[in-house]
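Asker: The primary structure of each chain is shown beneath.
There are 4 protein chains.
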Amino acid sequence: MILIRGGTVVNHDHSWRADVLVDGGKTVAFGPALDAPAGTEVIDAGGCYVMPGGIDPHTHLELAFMGSVSADDFEWGTKGALAGGTTMVVDFCIPDPGQSMLAAYQDWRRKSEKAACDYGFHMAVTSWSKQVFDEMEIVVKTYGINTFKHFMAYKGALMVNDDELYNSFARCAHLGALPLVHAENGDVVARMQESLLESGMTGPEGHAHSRPPLVEGEATNRAIMIADMTGSPVYIVHTSCREAHEAIARARANGQRVFGEPLIQHLLLDADEYQNKSWDHAARRVMSPPFRDKRHQESLWAGLQSGSLQVVATDHCAFTTEQKRLGLEDFRKIPNGTGGLEDRMPLLWTAGVNSGRLTKEEFVAVTSANIARILNIYPRKGRLAIGSDADIVVWDPSANKTIHAKNQISRIDYNVFEGFACVGAPVVTLSGGRIAFAKGELRAEQGDGKYVERPPFSPI
Amino acid sequence: MILIRGGTVVNHDHSWRADVLVDGGKTVAFGPALDAPAGTEVIDAGGCYVMPGGIDPHTHLELAFMGSVSADDFEWGTKGALAGGTTMVVDFCIPDPGQSMLAAYQDWRRKSEKAACDYGFHMAVTSWSKQVFDEMEIVVKTYGINTFKHFMAYKGALMVNDDELYNSFARCAHLGALPLVHAENGDVVARMQESLLESGMTGPEGHAHSRPPLVEGEATNRAIMIADMTGSPVYIVHTSCREAHEAIARARANGQRVFGEPLIQHLLLDADEYQNKSWDHAARRVMSPPFRDKRHQESLWAGLQSGSLQVVATDHCAFTTEQKRLGLEDFRKIPNGTGGLEDRMPLLWTAGVNSGRLTKEEFVAVTSANIARILNIYPRKGRLAIGSDADIVVWDPSANKTIHAKNQISRIDYNVFEGFACVGAPVVTLSGGRIAFAKGELRAEQGDGKYVERPPFSPI
Amino acid sequence: MILIRGGTVVNHDHSWRADVLVDGGKTVAFGPALDAPAGTEVIDAGGCYVMPGGIDPHTHLELAFMGSVSADDFEWGTKGALAGGTTMVVDFCIPDPGQSMLAAYQDWRRKSEKAACDYGFHMAVTSWSKQVFDEMEIVVKTYGINTFKHFMAYKGALMVNDDELYNSFARCAHLGALPLVHAENGDVVARMQESLLESGMTGPEGHAHSRPPLVEGEATNRAIMIADMTGSPVYIVHTSCREAHEAIARARANGQRVFGEPLIQHLLLDADEYQNKSWDHAARRVMSPPFRDKRHQESLWAGLQSGSLQVVATDHCAFTTEQKRLGLEDFRKIPNGTGGLEDRMPLLWTAGVNSGRLTKEEFVAVTSANIARILNIYPRKGRLAIGSDADIVVWDPSANKTIHAKNQISRIDYNVFEGFACVGAPVVTLSGGRIAFAKGELRAEQGDGKYVERPPFSPI
Amino acid sequence: MILIRGGTVVNHDHSWRADVLVDGGKTVAFGPALDAPAGTEVIDAGGCYVMPGGIDPHTHLELAFMGSVSADDFEWGTKGALAGGTTMVVDFCIPDPGQSMLAAYQDWRRKSEKAACDYGFHMAVTSWSKQVFDEMEIVVKTYGINTFKHFMAYKGALMVNDDELYNSFARCAHLGALPLVHAENGDVVARMQESLLESGMTGPEGHAHSRPPLVEGEATNRAIMIADMTGSPVYIVHTSCREAHEAIARARANGQRVFGEPLIQHLLLDADEYQNKSWDHAARRVMSPPFRDKRHQESLWAGLQSGSLQVVATDHCAFTTEQKRLGLEDFRKIPNGTGGLEDRMPLLWTAGVNSGRLTKEEFVAVTSANIARILNIYPRKGRLAIGSDADIVVWDPSANKTIHAKNQISRIDYNVFEGFACVGAPVVTLSGGRIAFAKGELRAEQGDGKYVERPPFSPI
Ligand SMILES: [Zn+2]
Ligand SMILES: [Zn+2]
Ligand SMILES: [Zn+2]
Ligand SMILES: [Zn+2]
Ligand SMILES: [Zn+2]
Ligand SMILES: [Zn+2]
Ligand SMILES: [Zn+2]
Ligand SMILES: [Zn+2]
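Chains as they are written, first to last, in the numbering used here: chain W, 518 to 977; chain B, 518 to 977; chain P, 518 to 977; chain H, 518 to 977.
In case anyone wonders, no lab produced these hints; they're calculated from the structure.
Hints should not be assumed to be uniformly reliable.
When chains are identical, the list treats them as one kind, so a pair holds in a single copy or across two.
30 Å max Cα-Cα, derived DSS-like pairs, lysine-lysine [stated by the list, open to error]:
id, residue 1, residue 2
1, Lys850, Lys647
2, Lys923, Lys631
3, Lys647, Lys672
4, Lys543, Lys794
5, Lys658, Lys850
6, Lys628, Lys794
7, Lys631, Lys647
8, Lys850, Lys923
9, Lys811, Lys794
10, Lys967, Lys811
11, Lys967, Lys658
12, Lys811, Lys543
13, Lys811, Lys658
14, Lys658, Lys923
15, Lys794, Lys923
16, Lys647, Lys811
17, Lys647, Lys918
Chain W extracted, bound-state conformation (with noise of 0.2 Å):
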């Protein structure tokens, strides 16, 4: 038994002072002062916040892309997450060209057995056919997993028509599943991108000009009016700009269910960062969407703010300088994507409580239990409820921490966020009622993480 003394316990909708005691794995007690039975661990939360695990429903770890398989596995991934405070990841299975989801699910699970945190799966659709509409059931109902990706980019390899978004939606509605998508033309961007090397801009700043927010603003406007024609809910993701997110509001402010994600990436970055005359600076950054003006950046805080938006996550994805550089003479051959997992929380924290632009308990739904309870797996994981798994972060407000990529899990050698300094950091980190990480020591091992399945028609 472990128990956290003297903390004030932060929900995404009310804080009180109480002692938290965990057993088996799950949260059984709160009280203002609950005896410690012998034997129990005792965690000192004093001046903390004991809140929900972060969950993070936006991870590539181990993935094959662009010729390169990102560097972080499962087991490096989560421990990064665990150590920012983060205890759960959903990571995107991604059949191959001709490949069954079927048996991506199998690749998934097996790569995924090293994860030291627990996790889940989104199931990417990447083409249409009988055997997807036939395996989609399967894959809601025998795996639990009750969310699909769709990719409006990535033109001749994941992207889909919007016949093809259509139908895929329209079967989620059936199956109680609900899509979530890339929102980019790739029409365009694949047409921009052959525009910009024309005109020889090889470089990563020909990435952000090819992929504008206009492109983003255009495709999330359309993904959201074919889920209305099929009467689905669906889930941007990676939010990254104003025109994006106004498509998300407007349709909200018709009545219509529909998420967006912001990334912290998008919250913090600006696309100055691909104006540094360093080609490595500027490349370590490509993802796409690629990051945006600082004007983008109040547009996602104040959705935040006001609900509009639901979710900040990482789309970590993360590539080496080394595997960065086979695009060193054309911007498309950059793999796309960056790091983060070990650092969202405190730096969300750090702009956006200590600013004032959310309240602590704000911070927890947009970290936690607003995905929770889309995932379908709330409050068994959002919350720190009696019952509940005991994923909890004791979250001391005045830690430092400034980031720097020689101190990090990560496996790579660079850190997008290199030299920030954030106030606000987990002290210790409960994964499933044990602690996988105090006081800057990692203790969670490979393999500690389970498999989370998520039933679907979530009541959200």
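Based on the hints, put chains B, P and H with the ligands in the right spot on chain W.
Answerer: What follows is chains B, P and H with the ligands alone, placed relative to chain W:
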């Protein structure tokens, strides 16, 4: 002890099958199959939802207003509330001209001794002076009132100007109180009234024409700006139209803390009522803001769905037909107000949940949990949780109830919802752990209710 | 010579009392009391407005479409136009599958020889290839066509995808031509059609359900984004709904050059028509986009008032009832199109000017001057000025005209505006300096019209 | 006679190559190669645009204001105007407290006798009474003034409240006059000023902080609502920020007749100026509304592009540095105002036309034609046409002119645009058919200007 057996517990963020045990006025246990200790009264909730009792934050019981006194006093208003599943009301304490807030508070405590359910007060700021400035602190710190009401209409009576709003909002921000606003441009309403009367329109339809949506939208926008300038959040009462809702939504989209409260009347009834050939019919529906064209209803519903509007209230202020007839010659003299306390919950369930607009969890949010959080009495009120007040409604989603004035508890002789067929109604209401209403029979007694103090600095 | 005496000249920006002298096909003088040289024909315009003849930029005369040929050819279409005060039409030259633009142009020139008023063409881009790329230049430079039409709907037939739109828009930008877009998401329309037919809905009401406003709003938004990416302005034909209008207005509010064209049908008729029990009645009104709910009309009118929409057209594409019956078993086979050429100006005057929505100058703007400027033929067309083509309508604002199919010039057997009582109608129409219509009598002959070349790089 | 040879005539809706012949103060002929009668003065306009002279509808010449008198009187203000291509100004006639409008009008006529270019007045309504009501009619019918100005700010001085606005707007509607509004919430400004001074901020930066964009946006929204209630159009002067522009655009999008006037200052200068370490530098830029953050500029430019804003003015109200120093101890005492009359046209051309934001025709629209139409003096002013006043500017788009106070005509000792390098400037300005300015030399004399009467009921 009372055991509610076999129902589905519904909170604003989650529902699950559980029995609920109540003791000493509090909820003490949840479980899939709780034992009933000897002497326990067992309520069969099979097929029912077990929800937090409703909170109506906008009532005017026994209010002296416009030359009359509203016909439902704290006894009959609260009894109606309980019969409809509402277990707490918040009434507006409005000082007479020249009266101190402290004296007004004593008057309201006296009037409210008869209340059959729990209650609290908002305090009205109807002028500005050193005395008002000083008394606001006492009201907050001594009386446990954390909200102040401001009228931008009722020129020559309750209306305050922009300077006074600024002063009071700034004072609220300092004290951790929340300003509430009745938002209509009183100057323009007064001029429109004159102009309509000059043109010979003296009937109730003139009431509606004199306060069109633009007039409310403008004042809402203005109140929000003033709140922003003073660093205060703001709560707009009886948001009735698209223009007002959009002003709120715009501010929220910029990250400002603004709340909006549609009334059940404006969600369901429209301005055609004022065209009724019967003067009585139309006059009974005279309230401010008036009912609006149907297109406004869609905006209000979408606001509840998307979260840009948070609370459904009634502005219950009941006048008999005889009282209404004070304005036979001049619509300005018709006492403003309608009933709704008994009907709010079944009507909202029918039109909101049965139609698919709202989930049952959202129903709890907008009838109870949201306002409890805003008023800083959550989770004591607004949530079914261990230790919370046992204000509970057992809700039968298949119960049929057609609204008829002849069956109502309210003291007035009509009901503006006459003939509405509700599907979904309370079968049992618990108030403070006692059965206040069961199977159509009212058991609560006058004086059963308690005054609820509310601390300032709500975390929301 | 012709002298128009005693009227008020109305241009888009100014009106004044003046006589107008016409000679040699041109307007040659204005003055308060011009002398009539010997042999001058004098038209009494007392109490009348003397305005630039209308330009209808959206007609389909003698179009082979959906297994039929539209019933009004260039002769009868343009004769109807003249009777209604319209003195120029712009028709869509649509190559057959595999046909070159150059051959299509020749076909259209041949068909249009019968035209009784001046005319021009837009050229449709229905696929993409090196040949199309090359021919576009010839179309612009040799044929005097400065507009290219694109269909985002009619999947499997005329529809082009985003890649093709991008290519063509970029080519337009290079050539100084303006892309026009029929904006509906063809993929989604096709799927909605299937789904409705599967559910057993085969009648004309299915047509409307298969292409709801969101589907048009989405495509409009997409076309605008693609135009912006290519640096091209864009013109959206038949803007029928709030969602499409708002997409246009949003883009304009960001400084983008986007134009929108509501049809007189969508301004006045609504979707209730498709509920008519008579299959014929409903089928005669089948066009794309379909008529919309009334609430959309207010949006379109406000767009004309505020300048976010610029042009009122007809999409005149008339099919007889017999032709419509091709779709008796399947709404997809009902030839799409309605008439309107003869009725546009009186209807718009009645509903727009007499209602106070539009000034008479704005009437000239949206029926003539704006499109003349957009098409780069201003002030030759679209303005009464010295040296301009004498395409002039003498408009009696007090003339009564009730629309009846039995009196119309169009070759079809019904009129979708049957029974509309117009107040305001042409008494005389001059086309190229000749009296084409006077006092109810048509004087124009087939072949009187001339082909109008339009240079690229419109300054608008 | 004067012949302007070889230029391109530019009107708001069309441009063409033509010579222009001027005689007797009017434009009398256009033609590709006009003959110059004997004695004609020929102006070479080769490579130049020949445009309607600018109209600045917002000046305060020789205004007694805030304890000072603005330094440019009608002589020097209008001479600067002519040197910059502006040939008419409209000044604000502002009665002293208690003074009748009729007396104020006489004062203004006296002051304006020195004007070197044509001029007119707006009349200010600074209080409400039977006398004001009556005098408004005389002002319109006898004095030829069709506009009334209202201040929502300057509390305790010029400010009027909502009731007074309503009365005056209704009166305007009856008389066919157009209400103009200075839109800032005066109550809130006054409270913000106090609060900033209390906090110790006494310098010019306090001026900006005391009147933030929200305060202007609110008042703009309010004025528009009141105008709508009275059935009057409304014109918002010096629209400086996104919030105000959006209020205007919202109203226009609903079909309301609302006009907005950005100043050249707000289009080009931003709030950083108030952070300048030099008190003089910052104080010289004190005007109301103050300069805004850069992001507002994009909104104003887009408004001009899309037509939701119609007019670019200056609010020319020049105070010397010495005058500004009246507010050394208290920013509230710094006389509000800056210059701009000489610079408006070259600055707008440089930043608007050379940047591609505006076409040359749109330049004419926003500097001259639109306001001429709004003020009902079109096409006498605002258009080059036969019979129009020969107020003409010959514009060399390649002329370079860098703004320096030492070269300016204005009587003040600095220029807020100091150092701006303009490309595009007048080479010759004709005023009333005479050469007022040519090749850098001012030829106009004091008293050359004439008072321009403006009839009510503008058709716009
Ligand atoms: Zn992605
Ligand atoms: Zn991703
Ligand atoms: Zn009220
Ligand atoms: Zn009330
Ligand atoms: Zn079409
Ligand atoms: Zn068409
Ligand atoms: Zn001003
Ligand atoms: Zn001014």
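Asker: Can you list which hints this structure breaks, lowest number first?
Answerer: 4, 5, 6, 7, 10, 12, 13, 14, 16 and 17
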